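*Asks:* Next come the chains, spelled out residue by residue.
2 protein chains.
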Amino acid sequence: MRLLLLAHGKFTGMGGKTARGVYFYSPHEVVGILDRSLAGHYADEFFPGRRHVPIYSRIEDFGDDFDALVIGVAPIGGKLPDAWRSEIRYALERGKTVISGLHDFLSEDIEFSRIAERTHARIWDVRKPPENLRVADGSARNANTVLVAGTDCSVGKMITAVELTMEARQRGINAGFVATGQTGIMVGADAGYVIDRIPGDFMAGAVEELVLEVSKTKEIIFVEGQSALTHPAYSGVTLAILHGSYAKRIVISHDPKRREHHHYPGFGIPPLERQMEMYETLASSVSGGKVVGIAIDGEHMSDGEYTRYVEKIEDEFSLPAVDVLREGPGRLLDAII
Amino acid sequence: MRLLLLAHGKFTGMGGKTARGVYFYSPHEVVGILDRSLAGHYADEFFPGRRHVPIYSRIEDFGDDFDALVIGVAPIGGKLPDAWRSEIRYALERGKTVISGLHDFLSEDIEFSRIAERTHARIWDVRKPPENLRVADGSARNANTVLVAGTDCSVGKMITAVELTMEARQRGINAGFVATGQTGIMVGADAGYVIDRIPGDFMAGAVEELVLEVSKTKEIIFVEGQSALTHPAYSGVTLAILHGSYAKRIVISHDPKRREHHHYPGFGIPPLERQMEMYETLASSVSGGKVVGIAIDGEHMSDGEYTRYVEKIEDEFSLPAVDVLREGPGRLLDAII
Numbered sequence: 001m002r003l004l005l006l007a008h009g010k011f012t013g014m015g016g017k018t019a020r021g022v023y024f025y026s027p028h029e030v031v032g033i034l035d036r037s038l039a040g041h042y043a044d045e046f047f048p049g050r051r052h053v054p055i056y057s058r059i060e061d062f063g064d065d066f067d068a069l070v071i072g073v074a075p076i077g078g079k080l081p082d083a084w085r086s087e088i089r090y091a092l093e094r095g096k097t098v099i100s101g102l103h104d105f106l107s108e109d110i111e112f113s114r115i116a117e118r119t120h121a122r123i124w125d126v127r128k129p130p131e132n133l134r135v136a137d138g139s140a141r142n143a144n145t146v147l148v149a150g151t152d153c154s155v156g157k158m159i160t161a162v163e164l165t166m167e168a169r170q171r172g173i174n175a176g177f178v179a180t181g182q183t184g185i186m187v188g189a190d191a192g193y194v195i196d197r198i199p200g201d202f203m204a205g206a207v208e209e210l211v212l213e214v215s216k217t218k219e220i221i222f223v224e225g226q227s228a229l230t231h232p233a234y235s236g237v238t239l240a241i242l243h244g245s246y247a248k249r250i251v252i253s254h255d256p257k258r259r260e261h262h263h264y265p266g267f268g269i270p271p272l273e274r275q276m277e278m279y280e281t282l283a284s285s286v287s288g289g290k291v292v293g294i295a296i297d298g299e300h301m302s303d304g305e306y307t308r309y310v311e312k313i314e315d316e317f318s319l320p321a322v323d324v325l326r327e328g329p330g331r332l333l334d335a336i337i
Numbered sequence: 338m339r340l341l342l343l344a345h346g347k348f349t350g351m352g353g354k355t356a357r358g359v360y361f362y363s364p365h366e367v368v369g370i371l372d373r374s375l376a377g378h379y380a381d382e383f384f385p386g387r388r389h390v391p392i393y394s395r396i397e398d399f400g401d402d403f404d405a406l407v408i409g410v411a412p413i414g415g416k417l418p419d420a421w422r423s424e425i426r427y428a429l430e431r432g433k434t435v436i437s438g439l440h441d442f443l444s445e446d447i448e449f450s451r452i453a454e455r456t457h458a459r460i461w462d463v464r465k466p467p468e469n470l471r472v473a474d475g476s477a478r479n480a481n482t483v484l485v486a487g488t489d490c491s492v493g494k495m496i497t498a499v500e501l502t503m504e505a506r507q508r509g510i511n512a513g514f515v516a517t518g519q520t521g522i523m524v525g526a527d528a529g530y531v532i533d534r535i536p537g538d539f540m541a542g543a544v545e546e547l548v549l550e551v552s553k554t555k556e557i558i559f560v561e562g563q564s565a566l567t568h569p570a571y572s573g574v575t576l577a578i579l580h581g582s583y584a585k586r587i588v589i590s591h592d593p594k595r596r597e598h599h600h601y602p603g604f605g606i607p608p609l610e611r612q613m614e615m616y617e618t619l620a621s622s623v624s625g626g627k628v629v630g631i632a633i634d635g636e637h638m639s640d641g642e643y644t645r646y647v648e649k650i651e652d653e654f655s656l657p658a659v660d661v662l663r664e665g666p667g668r669l670l671d672a673i674i
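Residue numbers (the working numbering), protein chains in the order written: chain A, 1 to 337; chain B, 338 to 674.
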């Protein structure tokens with residue numbers, strides 16, 4: 001499948017997490033990126049060493065040589081801009097698949113669903129919750145799971161989980177990846193639901209179901225966590241995933257430079273040590289999971305800062321601390337297997 | 338409004354929580370109870386001192402002298418038994434309101450909705466989530482809220498919150514009650530949603546919205562909590578309510594005889610002290626809430642056991658410990674106001 005990524009205005013910025021995740025990790029070919037603000041450039045100018053993909057201003061400039069259009073960013077204010085609508089129409093009219101992680105389902109848009117029906121195009125709304133929801137019942141409690149949790153949103157949980165899974169596979173380990181968010185699902189998780197879209201009572205049960213399914217064929221499962229236990233808006237999702245995954249081992253993703261929860265000024269992020277205690281305390285009665293490593297989001301650190309920080313916290317906690325994008329996931333995986 | 342409660346087989350048992358809650362606390366008149374297993378008795382034979390209400394086998398035995406039929410128990414296996422369907426039909430055919438807390442919405446049942454349309458009967462599906470969901474944004478963080486949390490499901494959180502609200506009002510305090518479950522909503526909360534039915538991302542925001550609304554007219558708000566932070570299936574709902582309520586003060590409901598989570602054998606309930614620590618630790622970065630009292634579910638304790646237990650834990654924690662059904666909520670409220 002040849003993917004075209006819609007990422008207008010955000011491919012390299014904070015809101016471009018999904019587009020970049022697909023660009024970095026999709027097992028499919030990425031043939032083009034739509035971002036008006038970067039048109040004419042190539043993606044690897046911004047992410048050296050990654051795929052060499054041209055960036056276009058409009059879908060018409062790219063043409064028809066793709067199989068699926070991926071909506072890789074969310075529109076500001078939530079409403080689809082007209083320019084995007086016409087690009088989605090362009091894809092559907094040509095029978096192409098449209099993959100969307102938006103809160104509003106494209107398949108429930110009357111115009112889009114009519115076109116798709118006529119052209120047999122497929123609309124995949126990744127956030128759509130599964131039909132058969134159930135509450136957790138403990139049936140996955142013996143699964144061999146590693147949860148990649150974190151101290152805030154956007155600190156690299158999905159990236160760390162994917163990197164650990166790929167590294168494990170390269171070492172010949174039969175590893176699985178369970179996604180709990182849209183990007184993880186889009187980059188080819190073994191199974192996944194967007195857990196934050198599932199009603200509260202069924203969140204842990206949905207994670208348990210994913211873990212059960214993947215554990216049929218995999219010997220170790222990396223589960224993507226969401227948000228943080230201290231996040232004022234999303235902490236419920238975080239805890240449901242901790243409990244529903246029955247994680248025996250926990251990796252904590254952390255951005256040392258972040259003092260407050262992203263978008264939530266005044267809501268501080270407690271020190272890493274406290275967060276590690278919280279995860280272990282809350283895991284204790286359900287899975288007994290322990291923190292086995294720290295995944296650092298070192299994007300905003302110089303090399304010197306990073307090295308000093310790693311030394312300091314490895315010494316403090318006697319656990320490996322690794323930015324998987326900076327030095328690869330090897331040392332972190334060593335602590336897990 | 339004159340209420341008729343459907344509670345077949347469970348009015349006095351574990352599954353009758355909603356029916357009993359409405360019987361105990363509804364501001365409306367309860368004119369009859371449907372429970373085949375107890376027909377011919379009066380409700381206050383089982384709950385001395387409470388309302389004197391006759392129990393019937395079938396709705397036809399009761400007749401038409403009511404305004405609303407309340408579905409006060411959930412059917413085993415989730416599917417509506419035929420006998421209940423015919424009783425719901427009976428009510429709707431006569432233009433009566435039907436109030437339901439079932440997971441499956443009666444208003445989406447084709448047969449029921451057609452009858453209701455014809456007779457102008459109202460179907461109120463209490464679990465139905467609100468239309469306009471939003472994420473929490475911190476806007477209720479200065480509200481004066483007391484969360485009645487707990488160490489498991491069914492340990493008296495709703496009862497304690499209602500009793501505290503009523504007692505506060507009797508003392509001339511302008512107190513509000515925010516419900517987070519079906520029974521609380523049915524007994525006349527100032528505002529409420531069934532939070533466990535709301536998608537994960539929006540749970541805390543929904544609680545925040547309720548708190549904001551009620552704080553416009555009330556000086557102190559008692560918020561009903563759900564489940565427990567250590568519950569394997571529902572902990573996400575618990576934490577979303579803790580954070581979304583911005584509770585400054587927390588009351589912990591606890592059944593000292595319970596060792597494992599109800600329906601979850603093998604999932605132990607950590608000691609009360611640990612649970613209190615967990616609530617305070619998780620509240621610390623969002624509301625800074627502190628535990629101010631313990632609400633004991635002493636249903637399965639003798640008077641002697643109860644007295645000794647209260648002495649022991651009041652001494653241990655220097656906090657009031659009160660079974661509000663046994664001795665009234667006065668001492669507990671003293672610790673809050």
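To be clear, the hints were calculated from the coordinates, so they are not data collected in a lab. Given the structure is predicted, the values throughout are model-derived calculations rather than measurements. Glycine included, C-beta positions come from ideal geometry on N, C-alpha and C. Do not rely on the hints blindly, as some may be mistaken.
Derived list of chain A stretches under chain B, where covered just means 3 residues or more per stretch with a C-beta under 8 Å from a C-beta of chain B [claimed, not checked]: (1) 144-154; (2) 191-203; (3) 228-236; (4) 264-275; (5) 282-293.
Here are some of the chain B residues that sit facing chain A, going by a computed Cβ distance under 8 Å [to be verified]: (6) A473; (7) P536; (8) L566; (9) A577; (10) Y601; (11) G603; (12) M615.
*Asks:* Holds or violated: is there a CB of chain A closer than 8 Å to the CB of G603/B?
*Replies:* 7 Å, holds
*Asks:* Taking a Cβ-to-Cβ distance below 8 Å as contact, does the segment 144-154 of chain A have at least three residues touching chain B?
*Replies:* violated (count 0)
*Asks:* For the hint on L566/B, just tell me whether its beta-carbon gets within less than 8 Å of chain A.
*Replies:* Since the shortest Cβ distance to chain A is 6 Å, the answer is holds.
*Asks:* Does M615/B pass the interface check with chain A, least Cβ-Cβ distance below 8 Å?
*Replies:* 6 Å, holds
*Asks:* May I ask you to test the interface hint for Y601/B with respect to chain A, counting a Cβ-Cβ separation under 8 Å as satisfied?
*Replies:* With a minimum Cβ separation of about 6 Å from chain A (threshold 8 Å), the hint on Y601/B holds.
*Asks:* For the segment 282-293 of chain A, count the residues whose Cβ lies under 8 Å from any Cβ of chain B; is that count three or more?
*Replies:* holds (count 4)
*Asks:* Should the interface hint for P536/B be scored as holding, given a Cβ-Cβ cut-off of 8 Å against chain A?
*Replies:* Because about 5 Å separates P536/B from the closest Cβ in chain A, which is inside the 8 Å limit, the hint holds.
*Asks:* Tell me if A577/B is really an interface residue toward chain A, meaning its C-beta lies closer than 8 Å to one of theirs.
*Replies:* Holds. Min distance 3 Å.
*Asks:* Check whether three or more residues of the segment 264-275 of chain A sit with their beta carbon closer than 8 Å to a beta carbon of chain B.
*Replies:* Since 7 is at least three, the answer is holds.
*Asks:* A closest beta-carbon separation below 8 Å is what the hint needs, so does A473/B meet it against chain A?
*Replies:* Since chain A brings a Cβ to about 4 Å from A473/B, closer than 8 Å, the hint holds.
*Asks:* Residue count check for the segment 228-236 of chain A against chain B: does it reach three with CB-CB under 8 Å?
*Replies:* Result for this restraint: holds, n = 8.
*Asks:* Using a Cβ cutoff of 8 Å, are there at least 3 residues of the segment 191-203 of chain A near chain B, or does the coverage claim fail?
*Replies:* With 8 residues in contact (Cβ-Cβ under 8 Å with chain B), the coverage given for the segment 191-203 of chain A holds.
Hint check: a violation occurs at hint 1 only; the rest are consistent with the structure.
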